[in-house]
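**Student:** Following the hints, put chain H in place on chain Y, whose structure we already have.
There are 2 protein chains.
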Amino acid sequence: MEEMKKDIGDLGEFGLISHLTKDLKIKHSTTIKGIGDDAAVLDYQGSELVITTDLLAEGVHFNLIYTPLRHLGYKSVVVNLSDVYAMNAIPKQITVSIAISKKHDIAMLEELYAGIKLACDRYGVDLVGGDTTSSFSGLIISITALGSVAKDKVVYRNGANETDLICVTGNLGAAYAGLQILERESTLFEKEGVQPILKDYEYVLERQLKPEARKDLIDYFEEKNLLPTSMIDISDGLSSEIMHICRQSGKGCELYEDKIPVDEQTSKVAEELGINPLTCALNGGEDYELLFTVPLSEYKNVNDHPFIHIIGHITPEKGKHSLILESGQEIELKAQGWNPILS
Amino acid sequence: MEEMKKDIGDLGEFGLISHLTKDLKIKHSTTIKGIGDDAAVLDYQGSELVITTDLLAEGVHFNLIYTPLRHLGYKSVVVNLSDVYAMNAIPKQITVSIAISKKHDIAMLEELYAGIKLACDRYGVDLVGGDTTSSFSGLIISITALGSVAKDKVVYRNGANETDLICVTGNLGAAYAGLQILERESTLFEKEGVQPILKDYEYVLERQLKPEARKDLIDYFEEKNLLPTSMIDISDGLSSEIMHICRQSGKGCELYEDKIPVDEQTSKVAEELGINPLTCALNGGEDYELLFTVPLSEYKNVNDHPFIHIIGHITPEKGKHSLILESGQEIELKAQGWNPILS
Numbered sequence: 002m003e004e005m006k007k008d009i010g011d012l013g014e015f016g017l018i019s020h021l022t023k024d025l026k027i028k029h030s031t032t033i034k035g036i037g038d039d040a041a042v043l044d045y046q047g048s049e050l051v052i053t054t055d056l057l058a059e060g061v062h063f064n065l066i067y068t069p070l071r072h073l074g075y076k077s078v079v080v081n082l083s084d085v086y087a088m089n090a091i092p093k094q095i096t097v098s099i100a101i102s103k104k105h106d107i108a109m110l111e112e113l114y115a116g117i118k119l120a121c122d123r124y125g126v127d128l129v130g131g132d133t134t135s136s137f138s139g140l141i142i143s144i145t146a147l148g149s150v151a152k153d154k155v156v157y158r159n160g161a162n163e164t165d166l167i168c169v170t171g172n173l174g175a176a177y178a179g180l181q182i183l184e185r186e187s188t189l190f191e192k193e194g195v196q197p198i199l200k201d202y203e204y205v206l207e208r209q210l211k212p213e214a215r216k217d218l219i220d221y222f223e224e225k226n227l228l229p230t231s232m233i234d235i236s237d238g239l240s241s242e243i244m245h246i247c248r249q250s251g252k253g254c255e256l257y258e259d260k261i262p263v264d265e266q267t268s269k270v271a272e273e274l275g276i277n278p279l280t281c282a283l284n285g286g287e288d289y290e291l292l293f294t295v296p297l298s299e300y301k302n303v304n305d306h307p308f309i310h311i312i313g314h315i316t317p318e319k320g321k322h323s324l325i326l327e328s329g330q331e332i333e334l335k336a337q338g339w340n341p342i343l344s
Numbered sequence: 002m003e004e005m006k007k008d009i010g011d012l013g014e015f016g017l018i019s020h021l022t023k024d025l026k027i028k029h030s031t032t033i034k035g036i037g038d039d040a041a042v043l044d045y046q047g048s049e050l051v052i053t054t055d056l057l058a059e060g061v062h063f064n065l066i067y068t069p070l071r072h073l074g075y076k077s078v079v080v081n082l083s084d085v086y087a088m089n090a091i092p093k094q095i096t097v098s099i100a101i102s103k104k105h106d107i108a109m110l111e112e113l114y115a116g117i118k119l120a121c122d123r124y125g126v127d128l129v130g131g132d133t134t135s136s137f138s139g140l141i142i143s144i145t146a147l148g149s150v151a152k153d154k155v156v157y158r159n160g161a162n163e164t165d166l167i168c169v170t171g172n173l174g175a176a177y178a179g180l181q182i183l184e185r186e187s188t189l190f191e192k193e194g195v196q197p198i199l200k201d202y203e204y205v206l207e208r209q210l211k212p213e214a215r216k217d218l219i220d221y222f223e224e225k226n227l228l229p230t231s232m233i234d235i236s237d238g239l240s241s242e243i244m245h246i247c248r249q250s251g252k253g254c255e256l257y258e259d260k261i262p263v264d265e266q267t268s269k270v271a272e273e274l275g276i277n278p279l280t281c282a283l284n285g286g287e288d289y290e291l292l293f294t295v296p297l298s299e300y301k302n303v304n305d306h307p308f309i310h311i312i313g314h315i316t317p318e319k320g321k322h323s324l325i326l327e328s329g330q331e332i333e334l335k336a337q338g339w340n341p342i343l344s
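Chain order of the listed sequences is Y and H. Under my numbering, think of the first position of the first sequence as 2, with each following residue one higher. Under my numbering, think of the first position of the second sequence as 2, with each following residue one higher.
Everything labelled a hint here was simulated from the structure, so no lab data went into it. Hints should not be assumed to be uniformly reliable.
Since the list can't tell identical chains apart, any single copy or any two copies may satisfy a pair.
Unchecked claim - Calculated lysine to any residue pairs in the SDA-like style (CA-CA distance at most 25 angstroms, straight line): (1) 321 - 333; (2) 211 - 111; (3) 28 - 125; (4) 216 - 37; (5) 154 - 37; (6) 26 - 251; (7) 301 - 262; (8) 335 - 17; (9) 216 - 228; (10) 301 - 226; (11) 104 - 137; (12) 23 - 249; (13) 154 - 35; (14) 23 - 248; (15) 34 - 319; (16) 104 - 64; (17) 269 - 259; (18) 34 - 151; (19) 103 - 64; (20) 34 - 227; (21) 23 - 37; (22) 152 - 44; (23) 103 - 336; (24) 28 - 44; (25) 260 - 248.
Bound conformation, chain Y alone (with noise of 0.2 angstroms):
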């Protein structure tokens, strides 16, 4: 199949860039330039700015015999949207910076494309600028959102106050269990050629390789006029996020272990895999969901919405986190958050 591969280096950087972004529409009236100048040119008069990148490196974030290109692309976005949420803003233009080694083609750039594309679509942000480049190693995504938000409604990490009620959105540890699946079926289809069996994991699978980003939950906090008093997404795990609240606001915090939301699926896989369901909760990271703090007076806002659930609250004590087990144990929280750099 070698000979069918068109050549990157035939379409030169430029072509290269417009072949791959030519189905994209600008959505905004604020993009008034996208991609083709030294830089793009946006409008944010009348709001605030978010803006926030991350870089996924291969064999670091992802693994390419598991996940496949589009979903990956997909992903790259979704999780720097997610922290756009996080902001209470909502995200308006990207840019995507690609680095691809010698052995991926076109036809791969483009499944990646694609799912950058779908994610593009909805959620309703313009892609305006980028770079591609060759690397000598695997292929390097660094993605960088814009958003926008009323001066008076950015919602910071440091807001919290005592009794307020932790909130947080969908479920925990799905990712991580996904991944978990994802792992033990390529190992064993390294070492033994046994297929991989991914029936009856598609939920968790899902959730790690296709992750979706909390537009929902910002929406409902717009339509009820609601304005948390902090918020961050859940990329390193619920323990290690809630922490970084807590730091940031000088307080602590009360999380009650029969409030955590897990999904079933979640729970089975990690039995399957001997794990702590919990753990995968408090620590399995990649779930972006959204955790946050609301006042007392919000209760019924919060308590009423089918996927926030109220998990605890904020105490006077800072540096004290604790985590109340079923069994009515005090232990303290740990965070053992997920964390490339140590990888």
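**Tutor:** The following block gives chain H in isolation, referenced to the frame of chain Y:
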């Protein structure tokens, strides 16, 4: 010395980022929130935002054998700022994402950040975010720069008009000449153990290793209330860049060989290496000078200035890019710009 290396793993990602960025002070009141949350928050009310991004990969864009990390950090920032200036905008903030391999220790990252910090100070920009991760290969640096410009002052590539003067700042080809010297000396050292002799090459080496961006030109435009009709920064070589302007403006151009500014040291080095100095200027790349067009009515403003050179003019014939040699002969310009995707 191995035991003296600080352990990156001990610091963790958050510790590492705060360690590396602890000396950075916020310069702009519009930087509402820098590092330390899910995203940075910036205030761009009253002006347009420009955004640009570049990804630099070890072995493709830089060679650590002869590139001091401090210079590399400085240059990584400057190449992005140059794109912002090329929109006639003032850079305000950057984000820096880095992937490091196991062979890098904290001392090396500190050197890299020292250069990044120096560029931030020199150009008055705030470092507001980023990502640090491990890589299974070499060093990867991905920088995104943001800048602001009044709505009616944005300069694109597509506004050049017939008879407009084509101007360029500084001189061209020096960075390319410097690169050739570095490559020659490193090959000699590797193959024959000959110590590099870099005396007499200081200027071209500095242009390659520690280039500057043309902030001064944007200041001059502001002072003279001069608005170019088109502008681009020279990263791939004069030929390639003027053809971008012509293509996007639907025009042609005539350049004059004897007007193209080449420094004496560049010429000397080129001759020593058996390269035509003109080739360095036309196709060398990495000059980070600005190429722009102005109406004839601005002749005095551009001609008076010591570092602005009028090198030709825009013609009506789209697709015709001519170079008039000193002999009077007319030849067709060819873009043979340095293209990392092909290398």
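**Student:** Please flag the earlier hints that this structure goes against, numbers listed from lowest up.
**Tutor:** none
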